[in-house]
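Line by line, the protein sequences are chains A and B. Under our numbering, the letters of the first sequence match residues 1 to 266, in that order. Under our numbering, the letters of the second sequence match residues 1001 to 1209, in that order.
Don't take every hint at face value.
What the hints assert, rightly or not - Below, a sample of chain A positions facing chain B; criterion: calculated Cβ distance under 8 Å:
1) Asp151
2) Ala163
3) Trp166
4) Pro175
5) Arg256
6) Trp257
Think of the hints as simulated: they come from the structure by calculation, not from any bench. Backbone N, C-alpha and C fix where the C-beta goes; we use that ideal spot for every residue, glycine too.
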Amino acid sequence: MNGSEDPSRLLRFAAPALIAVLLVALWQWLVVAYEVPPYIVPSPMVVLRTLIADRALLADALSVTVGIALTALAIATVVGTLVALLFVQSRWIEMSLFPYAVLLQVTPIVAIAPLIIIWVKDTRVALVLCATVVAIFPIIANTTLGLRSADHGLLNLFRMCRASRWQVLLRLRVPGALPYFFGGLRIASGLALIGAVVAEFVAGTGGQGAGLAYQILLAGMQLNIPRLFAALFLIAAAGIALFAGTVWLSHAVLSRWHESEAVAPG
Amino acid sequence: MNLIAGLVTPTSGTLSWWGGDFATTGGPGRRLGFVFQAPTLMPWARVAANVRLPLDLAGVERTAAAASTDAALRQVGLADFTRHFPRELSGGMQMRASIARALVTTPDLLLMDEPFGALDEFTRQRLDGELSALWAARGLTIVFVTHSVYEAVFLSTRVAVMSPRPGRIIADIAVDEPFPRSDDFRVSTAFAQRCRQVSALIAGADAMA
């Protein structure tokens, strides 16, 4: 609210930016000073030039990968929330099904991906499915925890007002679970991108709908290291953007009432 | 408390109120308000929405509910804070919002379970005074649980003293002092006498336990 005069707010952006500038400067200097060839470590300037030169190719790849990650995140959010809602309906359902959710989580995606890619005809659908499998667990786990953590006193109050099960769920459990849900979403946003990239690596799909992971694979094989770096940079940037997006969303929804997003009282 | 509120069913005996059996007279006929030890407000809802909750749950029509909410908030002196969120209020104000929520259904019986226990002495005294005035104005019955002898004597027409384990009512003392009671009552001889009487009973029960 009173951000402009707050020095800590400025520092939050300025400090990491300064570190980034220093690191890039150091990198540039090291590469130039020791005459490292670009096929081992390209200088930041070379990476930037590649980014600009290959922009059409890389932008296509970026949109494919981000598209897969976003679709997976959306599906994971919807399905994960529904599963969590199912879990809180009865302890029996949760006890019977939760181990399978854990199973999904602990089995490495690299191990499942080949199977999914064989089973599902459409590669794009297969990739989305892989990324969803990776991203769904934190949403299920956090949302279930949140729905279960309804305030005991408020539950009593709802009971005394003879609230229906539906009213308790919609008016008490769901709003109370929001902070937990957003915590899960934050983790899931990163995982969806990782899932998309890992699945692309396994699938190795080329041609028209090739994503960033394929560009990295290809660039590695062709020893086109500047392009590899450029693709890597784009993946990292996409990850940060996704994360920032969920943080912003969480802030927009929770800022007025939840302690985690509140501005220090003053 | 939980028995009266219907949260627990009695292991033996029956509850009767207004001369009838609780199970038949209770429920929709006679209305009940409840104030807990903590304010138990929904942190995501504004003060007005928190107070309106019992009406919303009962499916009361919107404009009628809004009018009752405004009236309840005015009674506890929170008319200017309807748009605030609970975390923006002080402990005493949160408790007032909680009382407004209990009053919004215009209950016949108000159950208060150590509502001011967590507040500082000054806020507690002020709220005790306000509650006493509210009680006189509304003509409702209040069952008030407290660990403070002074609070019990100041607020009550009858003080029921309970023993620790097993929890039984060991004495029922009438406080025949006129209402509204002001701060003058707190320093009167009658007040001191009642307090001594109640304290002695509690000390006696502790000695036996």
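Unsatisfied constraints (hint numbers, rising) = 3
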